[in-house]
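Trainee: The primary structure of each chain is shown beneath.
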Amino acid sequence: MNGLVKLVDVSKRYADAAALHPTTLSIERGKTAVLIGPSGCGKSTLLRLIIGLIEPDSGSIKFDGEPITSDKIDALRRRIGYVIQEGGLFPHLTARANVLLMARHVGTSQEEMHKRLLELCELTRFSENLLQRYPVELSGGQRQRVSLMRALMLSPELLLLDEPLGALDPLVRASLQKDLKEIFARLQQTVLFVTHDLSEAIYFGDEIVLMNEGRIVQKGSVTDLRENPTDPFVSEFINAQRGLASL
Amino acid sequence: MNRIRKAGKQETAESGNQESKKAKQFCRLFLVSWIPDVLLILCCVPVFLIHSSAAAPVVIGSKKFTESYVLGEIAKRTLTDAGIPAEHRQGMGGTIIVWQALRGGQIDAYPEYTGTITQEILKSDRSLSLDEIRESLAKSGVGITEPLGFNNTYALVMRRSEAQRLGVRTISDLQKYPQLKIGLTHEFLDRQDGWQPLRERYALPQRNIVGIDHALGYSALANGSIDVKDAYSTDAKIEENDLVALEDDLHFFPKYEAVFLFRLSMPTDAIAALRRLEGTLDEKRMVRLNAEAERTKNYTRAADLYFERSTGSRNSVGESFSQKLARWTLRHLQLAGFSLLLSVIFGIPLGIVASRGGAIGQAILGFASIVQTIPSLALLALLVPLPFFGISVRTAIAALFLYGLLPIVRNTASGLQDIPRSLRESAVALGLSPIARLWEIYLPMASRSILSGIKTSAVINVGTATLAALIGAGGLGEPILSGLNLNDHVTILEGAIPAAVLALLVQWFFDLLDRVLIPKGLRV
Numbered sequence: 001m002n003g004l005v006k007l008v009d010v011s012k013r014y015a016d017a018a019a020l021h022p023t024t025l026s027i028e029r030g031k032t033a034v035l036i037g038p039s040g041c042g043k044s045t046l047l048r049l050i051i052g053l054i055e056p057d058s059g060s061i062k063f064d065g066e067p068i069t070s071d072k073i074d075a076l077r078r079r080i081g082y083v084i085q086e087g088g089l090f091p092h093l094t095a096r097a098n099v100l101l102m103a104r105h106v107g108t109s110q111e112e113m114h115k116r117l118l119e120l121c122e123l124t125r126f127s128e129n130l131l132q133r134y135p136v137e138l139s140g141g142q143r144q145r146v147s148l149m150r151a152l153m154l155s156p157e158l159l160l161l162d163e164p165l166g167a168l169d170p171l172v173r174a175s176l177q178k179d180l181k182e183i184f185a186r187l188q189q190t191v192l193f194v195t196h197d198l199s200e201a202i203y204f205g206d207e208i209v210l211m212n213e214g215r216i217v218q219k220g221s222v223t224d225l226r227e228n229p230t231d232p233f234v235s236e237f238i239n240a241q242r243g244l245a246s247l
Numbered sequence: 001m002n003r004i005r006k007a008g009k010q011e012t013a014e015s016g017n018q019e020s021k022k023a024k025q026f027c028r029l030f031l032v033s034w035i036p037d038v039l040l041i042l043c044c045v046p047v048f049l050i051h052s053s054a055a056a057p058v059v060i061g062s063k064k065f066t067e068s069y070v071l072g073e074i075a076k077r078t079l080t081d082a083g084i085p086a087e088h089r090q091g092m093g094g095t096i097i098v099w100q101a102l103r104g105g106q107i108d109a110y111p112e113y114t115g116t117i118t119q120e121i122l123k124s125d126r127s128l129s130l131d132e133i134r135e136s137l138a139k140s141g142v143g144i145t146e147p148l149g150f151n152n153t154y155a156l157v158m159r160r161s162e163a164q165r166l167g168v169r170t171i172s173d174l175q176k177y178p179q180l181k182i183g184l185t186h187e188f189l190d191r192q193d194g195w196q197p198l199r200e201r202y203a204l205p206q207r208n209i210v211g212i213d214h215a216l217g218y219s220a221l222a223n224g225s226i227d228v229k230d231a232y233s234t235d236a237k238i239e240e241n242d243l244v245a246l247e248d249d250l251h252f253f254p255k256y257e258a259v260f261l262f263r264l265s266m267p268t269d270a271i272a273a274l275r276r277l278e279g280t281l282d283e284k285r286m287v288r289l290n291a292e293a294e295r296t297k298n299y300t301r302a303a304d305l306y307f308e309r310s311t312g313s314r315n316s317v318g319e320s321f322s323q324k325l326a327r328w329t330l331r332h333l334q335l336a337g338f339s340l341l342l343s344v345i346f347g348i349p350l351g352i353v354a355s356r357g358g359a360i361g362q363a364i365l366g367f368a369s370i371v372q373t374i375p376s377l378a379l380l381a382l383l384v385p386l387p388f389f390g391i392s393v394r395t396a397i398a399a400l401f402l403y404g405l406l407p408i409v410r411n412t413a414s415g416l417q418d419i420p421r422s423l424r425e426s427a428v429a430l431g432l433s434p435i436a437r438l439w440e441i442y443l444p445m446a447s448r449s450i451l452s453g454i455k456t457s458a459v460i461n462v463g464t465a466t467l468a469a470l471i472g473a474g475g476l477g478e479p480i481l482s483g484l485n486l487n488d489h490v491t492i493l494e495g496a497i498p499a500a501v502l503a504l505l506v507q508w509f510f511d512l513l514d515r516v517l518i519p520k521g522l523r524v
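Line order of the protein sequences matches chains A and B.
The numbering used here numbers the first residue of the first sequence as 1 and each following residue consecutively.
The numbering used here numbers the first residue of the second sequence as 1 and each following residue consecutively.
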């Protein structure tokens, strides 16, 4: 299998409890994998392990065949885009400065930066006129678009999205979902998407990874999950969300 | 002898070459590596300092009271008239401070009294002859002149009317009136030849003893808050306030012949010039000079009287109020500005370390907090005996620097700690190097908190810098101290009002700076 990221028996404990039991997972190139599960199931922990915000207690994580080590982590992070729920934009920088921050840091030329910025504005449907604004002056949806531009600026091989639409109202959310899906397809982007919303998971996911209590319960297509549940929890989770949807 | 602070005319902005070079180096270093904007503005505050001039003039010191001032001024004139460059550092403090300054070479000579030398400096429990004193002092590299001609001993004084009503003429007579309230200077209370042995010798029964500043004591005596106080026999205030000195009928007080102490390493022509003062001042003349100094509040003029020159002919006499104010204010800004600069240079990095918590972080915050709890006067007193500091502007700046540290350290640390975890993690996840994270993300985000810490420090420093005058470092504290010693409210206000205005201006200036330096996105 041609996995971009491979986790083998990776586990993480916090003082009080295991956040992630030994877990093995491979993220395929060009696909969107969705991590789904109830709060505290370990999905964000998994994401944070990949970007190196936390270190695993055991097991190994390889990115493009290379083990993640602390001396290479910064270079590696530049090959990964990361978007969080609140956007994580720096309030003291304008939208433009937020997007260009890393490009400036690695010494990209002005011309190239400008060209890429216009590309990204077009891609994310973000008005260039708003680039001079500070995060507080933007709406929640606009902020997430800027955050996405920032994550995509250096053309990362992997895009990590941690509930990127969680804080948005339904209308904005729907339009961003649509745009995101188009963007992923256009870029043939490898994406790891974390959500707790089943319909969102179904909408985005080539593969759905259902987690519960620090373990991967089942992975596969939504049909797999629905028709061949390997665990009572799978049916329970799917039915609960569908039940809500049918209201 | 009344203690008076007087404007030190010699302390004008003689920027010491070496210090100013150091300061510039500091600035340069700072400019390259630290928040350039803050720095540019801070560097505008004149930071060049102080004493250590090329010609190396003879430095005369004096203690913090009128007679010492006048004698210091006379010595300076004597040297200058002999063609020897001299400067007078006025009112440096009490005996120990001036003596340490002499031994440390910060001054070359100062007026002293034989009784004080015996008791306080040589710590002898018997009276010593002049030759014995000379021999002991020589071990410290210090010489002594022959007596100048007058004996200024301690005395206890009372209101003349009260003394007559009670029939008190001698110190022994006080035994009959245990209800009398006694106010003594703190120095007299602590001296080996001061209150405790005096009380024992005379078996004085009074229990109502308060420590009070010398000058304020005269007011207290006048309004009846106290009945008896200590004074010096040549004190002009005795006559001025219609007081009587009680006879020392048991001959308790040792002789206090006025002399000059000088460093034996001082040029011989300077020593010779100083010795020309020997035997030239009797008590009556000294009282007259003291009275003149207090009446006109002008020591140069009093010294002129000694030389029997006409007054007003010298330009140093006529420093106008605005000139004095400018000089005080400039020095005040130098003290506060330079110490603030140091507080920023050290405070921000310490705050960054402290923000990471742990034992070191706790230790830094703890240290800064402890420094803040030391009374500023005590901190000055603690620094003075240290080798590098002594009686100097350095000491004042070091004390102010330490005071200014806590608000900056604390605000830097809390500003950094208050950055939401999600934003910290975003900076990490982007792949920014640790240094870039600090410079481009964390510090700008904490800028509001850091600047407000700097503002607090600046206001504290401007206020506390008034205390620098206590160790002769000048500033707006000079007129405040003088006024306190003279019990002259107008003089106090001459320093207090500008100091308050300055604090307000500093506050206003930093409010303005906030608008320039705090990123717009954080202000919306």
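What the hints contain is simulated information worked out from the structure, not anything from laboratory work.
Quick caveat: nothing in here was measured; it's all calculated off a predicted structure.
Wrong hints could be hidden among the right ones.
What the hints assert, rightly or not - Below, computed lysine to any residue pairings styled on SDA-like, alpha-carbon distance capped at 20 Å:
no.	chain 1	residue 1	chain 2	residue 2
1	B	Lys520	A	Pro91
2	B	Lys520	A	Gly30
3	B	Lys181	B	Glu162
4	B	Lys520	A	Glu119
5	A	Lys6	A	Ile73
6	B	Lys297	B	Arg437
7	A	Lys6	A	Gln142
8	A	Lys72	B	Gly279
9	B	Lys255	B	Gly279
10	B	Lys520	A	Ile73
11	A	Lys115	A	Pro91
12	B	Lys520	A	Leu101
13	A	Lys72	B	Arg437
14	A	Lys72	B	Ile435
15	A	Lys72	B	Glu425
16	B	Lys520	A	Ser139
17	B	Lys520	A	Arg133
18	A	Lys178	A	Gly30
19	B	Lys520	A	Lys6
20	B	Lys520	A	Asn129
Trainee: Confirm or reject each hint.
Mentor: Going through the hints against the structure:
1. B:Lys520 to A:Pro91: holds (9 Å)
2. B:Lys520 to A:Gly30: Violated, at roughly 40 Å.
3. B:Lys181 to B:Glu162: With Cα atoms ~12 Å apart, B:Lys181 and B:Glu162 stay inside 20 Å; holds.
4. B:Lys520 to A:Glu119: Given that 20 Å is the threshold and the Cα spacing comes to 27 Å, the pair is violated.
5. A:Lys6 to A:Ile73: Cα-Cα ~16 Å, so holds.
6. B:Lys297 to B:Arg437: Outside the cut-off at roughly 60 Å; violated.
7. A:Lys6 to A:Gln142: violated (33 Å)
8. A:Lys72 to B:Gly279: violated (85 Å)
9. B:Lys255 to B:Gly279: Measuring from Cα to Cα gives roughly 16 Å; hence the hint holds.
10. B:Lys520 to A:Ile73: At roughly 32 Å apart (the allowed maximum being 20 Å), A:Ile73 and B:Lys520 break the hint.
11. A:Lys115 to A:Pro91: violated (24 Å)
12. B:Lys520 to A:Leu101: Cα-Cα ~17 Å, so holds.
13. A:Lys72 to B:Arg437: holds (17 Å)
14. A:Lys72 to B:Ile435: This hinted pair holds, its Cα atoms lying about 16 Å apart.
15. A:Lys72 to B:Glu425: Satisfied, since the Cα-Cα distance of roughly 17 Å is no more than 20 Å.
16. B:Lys520 to A:Ser139: Holds - the C-alpha atoms of A:Ser139 and B:Lys520 are around 17 Å apart, at most 20 Å.
17. B:Lys520 to A:Arg133: The given pair, whose Cα atoms are some 10 Å apart, holds under the 20 Å limit.
18. A:Lys178 to A:Gly30: holds (18 Å)
19. B:Lys520 to A:Lys6: violated (43 Å)
20. B:Lys520 to A:Asn129: holds (18 Å)
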